[in-house]
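Participant: The primary structure of each chain is shown beneath.
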Amino acid sequence: MNVSTRRVRAIFRKELREYRRKRSIVAGMAILPLIFLIQPLVVALTLPASASSQLAREHLLLYMLAIPALVPAALAAYAVVGERQQGTLEPVLATPVRREEFLLGKALASFVPSVATAYAVYAMFLACVALFARPAVTPALLRGSDILAQLLFTPLLAAWSIWLGIAISARSSDVRVAQQLGMLANLPSVVVTSLVAFNVIHPSLILAVSGAAVLLFLDRLGWRIVAATFNRERLITGTR
Amino acid sequence: MNGQGSAKTGIPALSVQNLGKRFGDRVAFEGVSFDIGRGEVFGFLGPNGAGKTTTVRTLGTLIAPTSGSATVAGIPLTPANGVEIRRRISIMPESPGLYQRLSVAENLGCFADLYETPDPGDRIDRALRAVNLADRANDACGSLSKGLRQRVALARALLSDPQVLFLDEPTSGLDPVAARDVHELIDELRHSGVTIFLTTHRLEEAERLCDRVAIMNTTLRTIGRPDELRDRLFAKTLTVRTLAPLPDPARVFAGLPAVDGWHPDGHATYVLGVTEPAAAAPAVTRALVAARADVLSISESHHSLEDVYLELINSGEEACLR
Chain Z
1 MNVSTRRVRA
11 IFRKELREYR
21 RKRSIVAGMA
31 ILPLIFLIQP
41 LVVALTLPAS
51 ASSQLAREHL
61 LLYMLAIPAL
71 VPAALAAYAV
81 VGERQQGTLE
91 PVLATPVRRE
101 EFLLGKALAS
111 FVPSVATAYA
121 VYAMFLACVA
131 LFARPAVTPA
141 LLRGSDILAQ
151 LLFTPLLAAW
161 SIWLGIAISA
171 RSSDVRVAQQ
181 LGMLANLPSV
191 VVTSLVAFNV
201 IHPSLILAVS
211 GAAVLLFLDR
221 LGWRIVAATF
231 NRERLITGTR
Chain B
1 MNGQGSAKTG
11 IPALSVQNLG
21 KRFGDRVAFE
31 GVSFDIGRGE
41 VFGFLGPNGA
51 GKTTTVRTLG
61 TLIAPTSGSA
71 TVAGIPLTPA
81 NGVEIRRRIS
91 IMPESPGLYQ
101 RLSVAENLGC
111 FADLYETPDP
121 GDRIDRALRA
131 VNLADRANDA
141 CGSLSKGLRQ
151 RVALARALLS
161 DPQVLFLDEP
171 TSGLDPVAAR
181 DVHELIDELR
191 HSGVTIFLTT
201 HRLEEAERLC
211 DRVAIMNTTL
221 RTIGRPDELR
231 DRLFAKTLTV
241 RTLAPLPDPA
251 RVFAGLPAVD
261 GWHPDGHATY
271 VLGVTEPAAA
281 APAVTRALVA
291 ARADVLSISE
301 SHHSLEDVYL
311 ELINSGEEAC
321 LR
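First to last, the sequence lines map onto chains Z and B. Residue numbers in the first sequence follow the numbering used here, run continuously in steps of one, and reach 240 at the last position. Residue numbers in the second sequence follow the numbering used here, run continuously in steps of one, and reach 322 at the last position.
If you're looking for bench data, these hints aren't it; they were derived computationally from the structure. Among the clues, some could well be false.
[What the hints assert, rightly or not] Label-pair distances were calculated between CB atoms; the ranges are:
(1) B:Ala64 to Z:Arg220: 27 to 35 angstroms
(2) Z:Arg176 to B:Gly31: 37 to 45 angstroms
(3) Z:Gly238 to B:Thr78: 23 to 31 angstroms
(4) B:Ser143 to Z:Ala136: 46 to 54 angstroms
(5) B:Gly142 to Z:Ile31: 41 to 49 angstroms
(6) Z:Ala127 to B:Thr78: 53 to 61 angstroms
(7) B:Asp227 to Z:Gln180: 52 to 60 angstroms
(8) Z:Thr239 to B:Ser299: 47 to 55 angstroms
(9) B:Asn132 to Z:Ala123: 20 to 28 angstroms
Note that CB positions come from ideal geometry on N, CA and C, so glycine has one too.
Okay, chain B solo, but in the shape it has when bound (with noise of 0.2 angstroms):
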């Protein structure tokens, strides 16, 4: 599976070629390819052990590859580059890793000064009210909330400006409103041109936020924009009901322009293939009023990011099995 050509924006600001890790006998990951476009916010998921982290922490320089190549923010993932990618990436892990006993501010001037930020009092302030913490600064970390901590570890992953930004599980365990905060916050990281990788669980998350995502389990899946994946695993259906079951439906739905074929589901209920719902829901609007049906609906079958994600990861589980 490679994700290339499909990039946001000219030169990538990651180019992963055939990309693993091995610990031992076990793969972590193996054969991951894809490229990311600079400002593209590109999500990436999976199920638990489907070697997202890892991958992070790969492209992150925190461990070696074994097998493939990448670039990161335009360096090659070499040992010799790890300072130079670290300069110009960040990472926030899934758990924040903040020092309970210092305050917010003592824990982003260390990594002010371990980024070596020009002026970083200025950086602190910045990082701070991006998340709307300004006025807690000066609160010790240990005492503030989990939505809080994830706040703060997110305004320290800010503070070196990076060209990079990955972001392991943002939202885990925040409430709805400290997640629409932090999905705010990517949105405005994205118009200002910083490319973030979101390893995520929340489906509707990846969803909303991603312009593509790419399904891991050890392996990619699939990779695309979320509305290409679903037309490309799912037929396009219209779901017709009406008040009586249509006396002759084959009657009805043969030979309709756009539409390939038809099924009942039950009580009333017709679903119909289409190659363009747009063109087909209209003939057969047109269809089943000179049939004299009482029509109930007629609607556009949806399939969420959530159908894509199950379909791929159980069809791999029952590749495995067989």
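Next up, chain Z with everything else stripped away, as it sits in the complex (with noise of 0.2 angstroms):
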């Protein structure tokens, strides 16, 4: 199967083009990394020299991957069924479009400026904790691995979030209920990450490492099953 970089090409620019003239769209990308900045960059800035020992066994930062794994839900889970609810799907399905190009295009689309938002949320963090934290606090809040493994888990959580929100669109005949399921469906991945950055499960190498595999084969899986699954007639009709 050869796919059309050009008909991928266009699917991602119509959507990203329908995004910045969506305010609710932006909107809806920007409050919940917002949100999920602003409490952890609370209890940096307001952490006393002393706690940098108790911070020391947490890894604050890593609370924030819960941004890659929601930020994508809401877009991913909006690509098809929107489509079906505006009119817009058919005519797409009756061009040349194969069903991979097509939902490259919408995945691209929820990819792209979900990681984008996701590393300039944690940019944003990193910048106000080396200029305005206490000197002892920093460095306990700053650390490489952390920084790493926020670098690596982005992509493969928002990848894995977008999967299953494309996979509910799909199978959804109504925006709402396909945007809520999507929160729902990845509110396992924020609880594992929410349970590392506690401390409650210990990070190290070892789970690092099977976890970004675990992930990647997810991923992997996620894409083989939804390409598989999509169905024209299905989406056209209604048809169970």
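Make one complex out of these two single chains by using the hints.
Facilitator: Right under this line is the structure:
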């Protein structure tokens, strides 16, 4: 099967243009990361110097891995059912676009802004901590291993969230239901990252590598399942 | 019912044999067969729920048939050929389905890329000029009237220079002027060799535009040229009106060439069954003059496509009730 990059790009560009012109999408993408930024930032900036030893046992930064898990969920959950509801799905599927091209375009359009937003929020957090936190606290917050984990797990979590969201979107008949289910389906990822952040699950190199391998496997599996179950007829006619 | 053999030119652009689609126990359409020649405008008529849109979607590879076979733009209708068929055809659904927040040009640009058209800028310009929308290229589709959106959808359908163009209710909801523009465009496309499969509820539209029509109500009821269908369904008649009732109409109308019979139809009005109106009318006129009748009018009865449609659909419903 040959994937046409031009067709993938056409879907991707169209999605980005729609995001830009729909303020609720931009607001939705901005609000959630800000909420996840504010809490650790408040903690980081108000900690006394004496808290650094306690902080050394936690991984506050990892708490923000919830951002790549949740931000793309809403976008991906809208991807197919949104087109269906606005009546634009049939004309698109009537073109020579293959389902893989359609899905890749949709996934990329959720992936790129979500990962960019997540990295931007981390960067903002790191800059605020470096500039405003107490000097004794800063090294406990800005650990190389945590930053590396952020960089590694952000795209992996985002991709998993996107395939879950698109799978739900392709089976739903209502945008709101799809978005709520998309959020719910990603809660396990958020719970796991939070447990690691608060040291309930002790992070280690082996855990990080095996976690990344599992996510990579799930991402590939998700893509294959979504592509295999994408059914033009069911989407057009609404039959089960 | 099979419409083979009446297609406009040699190799058919669409060839359908016993095609059918079921959704579980429900039959959307079945046993549909016809051929459509290249450059032909083919009307597909039927009441709501007759299976017209499902037929278009099936031929457009959006849904899979449950029985029968077809060749679309020269390619067998199979799942493996979906992309190749969709490259050669274009479907304009009943609802325009435009991205409301994007401009007209952005909408068309997206579809030009999906069709991988060479020189998309030029194609978009040509398509917009064809539907008289060149000056609205930068307007958001959400700000356009329904008629203009319909035209954008038509421009979108023209982007890929399709061999077969499926138009599903293209003038639905349009005012008469906008509908006339669409009709003119269909005429132009016909002359440029595009095969057009037109589903419509507007019978006068089908009569005006289509080389042949098929009337469908889950199964194909009939297929042919509009005038053929009229002749097939309705006897030819002449209606004679005189100032006063004829004293002996049987003597006046008896033995006239091309006249099969007659019956009165109200006060001083007579309906004559004829085999050939052009041959019968002069003979009837002479007979009336010879009988010293004061003739008000002699007119050939005209049955519209609407009459044909209603006759076939109603007879089908009655058959179902029986």
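Participant: Compare the structure with each hint and give your call.
Facilitator: Okay, the hints, checked on the actual structure:
{"no.": "1", "hint": "B:Ala64 to Z:Arg220: 27 to 35 angstroms", "verdict": "28 angstroms, holds"}
{"no.": "2", "hint": "Z:Arg176 to B:Gly31: 37 to 45 angstroms", "verdict": "42 angstroms, holds"}
{"no.": "3", "hint": "Z:Gly238 to B:Thr78: 23 to 31 angstroms", "verdict": "24 angstroms, holds"}
{"no.": "4", "hint": "B:Ser143 to Z:Ala136: 46 to 54 angstroms", "verdict": "58 angstroms, violated"}
{"no.": "5", "hint": "B:Gly142 to Z:Ile31: 41 to 49 angstroms", "verdict": "25 angstroms, violated"}
{"no.": "6", "hint": "Z:Ala127 to B:Thr78: 53 to 61 angstroms", "verdict": "58 angstroms, holds"}
{"no.": "7", "hint": "B:Asp227 to Z:Gln180: 52 to 60 angstroms", "verdict": "59 angstroms, holds"}
{"no.": "8", "hint": "Z:Thr239 to B:Ser299: 47 to 55 angstroms", "verdict": "52 angstroms, holds"}
{"no.": "9", "hint": "B:Asn132 to Z:Ala123: 20 to 28 angstroms", "verdict": "50 angstroms, violated"}
Of the numbered hints stated above, those contradicted by the structure are hints 4, 5 and 9, listed in ascending order.
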